[in-house]
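Just so we're aligned, residue 0 is where the sequence shown starts under numbering that gives the first Met the number 0, counting upward by one.
Rather than coming from a laboratory, the hints here were simulated on the basis of the structure.
Any given hint could be a false lead.
Stated by the list, open to error - Quick list of in silico lysine-lysine cross-link-like pairs, DSBU-like style, CA-CA up to 35 Å:
hint, residue 1, residue 2
1, K86, K99
2, K133, K80
3, K86, K133
4, K80, K99
5, K33, K86
6, K80, K33
7, K19, K80
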Amino acid sequence: MVMMDIEQAGGLTEGNLPFKNSISGVIGLAGTRKGVLAIHTPEAVAFAITSGFLGMEVTEVNADVEDAVGEVANMLGGNIKMFLTDKGRDIELSLPSIVKGEAYDFQPGGDVERIVVPFTCAAGDFFIEIQLEK
(Lines of atoms letter the chains of each structure in order from A and count residues from 1; the text may use other names and numbers.)
(Lines give C-alpha, C1' and ligand atoms only; values in the text may rest on other atoms or scores of the structure.)
Protein backbone atom coordinates (compact mmCIF):
# COMPACT_ATOMS: atom_id res chain seq x y z
CA MET A 1 0.00 0.00 0.00
CA VAL A 2 1.23 3.48 -0.83
CA MET A 3 0.96 5.80 2.14
CA MET A 4 1.31 9.33 0.75
CA ASP A 5 -0.42 12.55 1.67
CA ILE A 6 -1.80 14.14 -1.49
CA GLU A 7 -3.80 17.29 -2.11
CA GLN A 8 -5.55 18.70 -5.12
CA ALA A 9 -3.28 21.44 -6.47
CA GLY A 10 -5.57 24.02 -7.97
CA GLY A 11 -8.35 23.83 -10.50
CA LEU A 12 -8.87 21.72 -13.57
CA THR A 13 -6.22 21.94 -16.27
CA GLU A 14 -6.92 22.49 -19.96
CA GLY A 15 -4.84 22.12 -23.12
CA ASN A 16 -2.12 19.67 -24.00
CA LEU A 17 0.04 18.40 -21.19
CA PRO A 18 3.74 18.34 -22.06
CA PHE A 19 5.76 16.00 -19.85
CA LYS A 20 9.51 15.84 -19.24
CA ASN A 21 11.21 12.86 -17.62
CA SER A 22 7.81 11.45 -16.74
CA ILE A 23 5.83 8.22 -16.62
CA SER A 24 2.12 7.87 -17.39
CA GLY A 25 -0.05 4.89 -16.53
CA VAL A 26 -3.02 4.56 -18.89
CA ILE A 27 -6.17 2.40 -18.60
CA GLY A 28 -8.64 1.98 -21.45
CA LEU A 29 -12.37 2.11 -20.66
CA ALA A 30 -14.92 0.24 -22.81
CA GLY A 31 -18.64 -0.40 -22.54
CA THR A 32 -21.48 2.10 -22.31
CA ARG A 33 -18.81 4.80 -21.89
CA LYS A 34 -15.52 4.56 -23.77
CA GLY A 35 -12.36 6.45 -23.03
CA VAL A 36 -9.12 6.46 -21.08
CA LEU A 37 -7.98 7.19 -17.57
CA ALA A 38 -4.36 8.19 -16.94
CA ILE A 39 -2.05 9.19 -14.14
CA HIS A 40 0.86 11.37 -15.27
CA THR A 41 3.83 11.54 -12.89
CA PRO A 42 7.31 13.00 -13.04
CA GLU A 43 9.98 10.42 -12.25
CA ALA A 44 10.37 11.70 -8.66
CA VAL A 45 6.69 11.01 -7.91
CA ALA A 46 6.89 7.61 -9.63
CA PHE A 47 9.93 6.75 -7.47
CA ALA A 48 8.04 7.77 -4.31
CA ILE A 49 5.02 5.65 -5.29
CA THR A 50 7.23 2.65 -6.04
CA SER A 51 9.24 3.12 -2.84
CA GLY A 52 5.94 3.12 -0.92
CA PHE A 53 4.84 -0.13 -2.56
CA LEU A 54 8.19 -1.89 -2.10
CA GLY A 55 9.24 -0.45 1.25
CA MET A 56 12.68 0.47 -0.10
CA GLU A 57 14.19 3.44 -1.90
CA VAL A 58 13.90 3.48 -5.69
CA THR A 59 16.01 5.93 -7.69
CA GLU A 60 15.83 4.80 -11.32
CA VAL A 61 13.15 3.92 -13.83
CA ASN A 62 12.85 0.15 -14.07
CA ALA A 63 10.18 -2.55 -14.37
CA ASP A 64 9.18 -2.05 -10.70
CA VAL A 65 8.47 1.65 -11.32
CA GLU A 66 6.46 0.87 -14.45
CA ASP A 67 4.49 -1.81 -12.56
CA ALA A 68 3.78 0.56 -9.64
CA VAL A 69 2.52 3.39 -11.86
CA GLY A 70 0.45 0.87 -13.82
CA GLU A 71 -1.02 -0.47 -10.59
CA VAL A 72 -2.02 3.01 -9.42
CA ALA A 73 -3.71 3.56 -12.81
CA ASN A 74 -5.45 0.20 -12.35
CA MET A 75 -6.69 1.19 -8.87
CA LEU A 76 -7.99 4.51 -10.20
CA GLY A 77 -9.67 2.68 -13.09
CA GLY A 78 -11.31 0.30 -10.63
CA ASN A 79 -12.74 3.24 -8.71
CA ILE A 80 -14.10 4.80 -11.92
CA LYS A 81 -15.59 1.44 -12.93
CA MET A 82 -17.30 1.09 -9.54
CA PHE A 83 -18.67 4.65 -9.73
CA LEU A 84 -20.02 4.24 -13.27
CA THR A 85 -21.42 0.77 -12.52
CA ASP A 86 -23.31 2.22 -9.56
CA LYS A 87 -24.81 4.73 -12.04
CA GLY A 88 -26.03 1.85 -14.26
CA ARG A 89 -23.21 1.99 -16.79
CA ASP A 90 -21.42 -1.19 -17.86
CA ILE A 91 -17.66 -0.58 -18.01
CA GLU A 92 -14.71 -2.86 -18.75
CA LEU A 93 -11.07 -1.94 -18.09
CA SER A 94 -8.01 -2.72 -20.18
CA LEU A 95 -4.71 -3.75 -18.70
CA PRO A 96 -2.55 -0.74 -17.84
CA SER A 97 -0.16 0.64 -20.44
CA ILE A 98 2.88 2.76 -19.66
CA VAL A 99 4.12 5.80 -21.55
CA LYS A 100 7.48 7.22 -20.47
CA GLY A 101 10.21 9.39 -21.80
CA GLU A 102 12.32 12.50 -21.70
CA ALA A 103 9.60 14.52 -23.47
CA TYR A 104 6.08 13.65 -24.63
CA ASP A 105 2.55 14.99 -24.50
CA PHE A 106 -0.83 13.37 -23.96
CA GLN A 107 -3.50 14.75 -26.25
CA PRO A 108 -7.24 14.15 -26.32
CA GLY A 109 -8.29 11.39 -28.70
CA GLY A 110 -11.18 12.61 -30.83
CA ASP A 111 -14.38 14.22 -29.59
CA VAL A 112 -14.13 13.62 -25.84
CA GLU A 113 -15.08 15.12 -22.53
CA ARG A 114 -11.74 15.64 -20.79
CA ILE A 115 -10.98 16.34 -17.17
CA VAL A 116 -7.42 16.81 -15.90
CA VAL A 117 -6.93 17.35 -12.18
CA PRO A 118 -3.56 18.44 -10.74
CA PHE A 119 -2.41 16.98 -7.43
CA THR A 120 0.62 17.51 -5.24
CA CYS A 121 2.54 15.38 -2.74
CA ALA A 122 5.89 15.66 -0.99
CA ALA A 123 7.66 14.23 -4.06
CA GLY A 124 6.10 16.72 -6.51
CA ASP A 125 3.08 17.45 -8.66
CA PHE A 126 1.17 14.98 -10.83
CA PHE A 127 -2.05 14.80 -12.85
CA ILE A 128 -4.99 12.44 -13.09
CA GLU A 129 -6.86 12.60 -16.38
CA ILE A 130 -10.03 11.04 -17.72
CA GLN A 131 -11.27 11.27 -21.28
CA LEU A 132 -14.74 9.94 -22.17
CA GLU A 133 -16.26 9.88 -25.65
CA LYS A 134 -19.19 12.28 -26.00
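Cross-check of the supplied hints:
Pair hint K86 plus K99 holds up; C-alpha atoms about 33 Å apart against a cutoff of 35 Å. Restraint check for K133 and K80: satisfied, since their Cα atoms lie roughly 17 Å apart, inside the 35 Å limit. In summary, the hint linking K86 to K133 is supported, as the alpha carbons are separated by about 17 Å, within the 35 Å threshold. Between K80 and K99 the CA atoms are separated by roughly 25 Å; this keeps the pair inside 35 Å, and the hint holds.
This hinted pair checks out: K33 and K86 have alpha carbons roughly 15 Å apart, not beyond 35 Å. A distance of roughly 11 Å separates the Cα atoms of K80 and K33; the hinted pair therefore holds under the 35 Å criterion. Simply put, K19 and K80 have alpha-carbon atoms about 30 Å apart, close enough for the 35 Å limit, and the pair holds.
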